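Colleague: First to last, the sequence lines map onto chains A and B.
Read left to right, the first sequence gives residues -7 to 105 (our numbering).
Read left to right, the second sequence gives residues 5 to 116 (our numbering).
One should not assume that every hint holds.
To be verified - Computed footprint of chain A on chain B; a stretch qualifies when at least three of its residues, placed anywhere within it, have a C-beta under 8 Å from a C-beta of chain A:
# : segment
1 : 20 to 33
2 : 44 to 54
3 : 107 to 115
For the record, the hints were derived by calculation from the structure and aren't laboratory data.
None of these values were measured; they are calculated from a predicted model.
All residues carry an ideal CB built from backbone N, CA and C; glycine is no exception.
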Amino acid sequence: EAGVAQSPRYKIIEKRQSVAFWCNPISGHATLYWYQQILGQGPKLLIQFQNNGVVDDSQLPKDRFSAERLKGVDSTLKIQPAKLEDSAVYLCASSPPGGETQYFGPGTRLLVL
Amino acid sequence: GNSVTQMEGPVTLSEEAFLTINCTYTATGYPSLFWYVQYPGEGLQLLLKATKADDKGSNKGFEATYRKETTSFHLEKGSVQVSDSAVYFCASPLGAGNMLTFGGGTRLMVKP
């Protein structure tokens, strides 16, 4: 079974530029999560989707971050404009219907200069 | 509020040493508990889990027992290997919609 796919794996941008990350969850997994992991810390949830609807986006900085999951499968997370403090690893995870266990992708490492 | 707390690292051990990484949680009821491992440059991988009190999760020689009396889920391994060097995260779905709350992570370094 293929795991959660993410791209790109690495991205370097300058502050005030925009960037987008892509995630393809495990087939059949209805729930999709985006986490931000700052160096030396545990992951922090940014947004959770159930199919194509948002379940929780309370910790998403909505003035600069946006995410969508239009067809209930792939998802895109965007940052516009980026700030230095956005440098982190962005992790995507998915879980099956009714399941608690989350399966994580390899992450996208973002460096904002 | 609800939280997960784990011991700070780094933890440095020699190969074949015994490992314990402490994890405690604060929550109402008895949530599921997870240990995830993150190898250098990779995403998180589920290591083991327990879904109810007194359950023991185990995988790859690692074990953790869900102890409701002490609200703990300590990770143990009897004999660590160099390949176990990684960051270990304790987590629990303490938020709405099974949102995982993570501990701060514990870096383990195993020397030959």
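Colleague: Next, verify each hint and record whether it holds.
Modeller: Hint-by-hint comparison with the structure:
Counting residues of the segment 20 to 33 of chain B whose CB lies closer than 8 Å to any CB of chain A gives 0, so the stated coverage by that chain is violated, three being the minimum. Counting residues of the segment 44 to 54 of chain B whose beta-carbon sits less than 8 Å from any beta-carbon of chain A gives 6, enough to reach three: the coverage restraint holds. With 3 residues having a beta carbon nearer than 8 Å to a beta carbon of chain A, the segment 107 to 115 of chain B meets the requirement of three or more and the stated coverage holds.
Comparing the model with each numbered hint stated earlier shows that hint 1 is the single one that does not hold.
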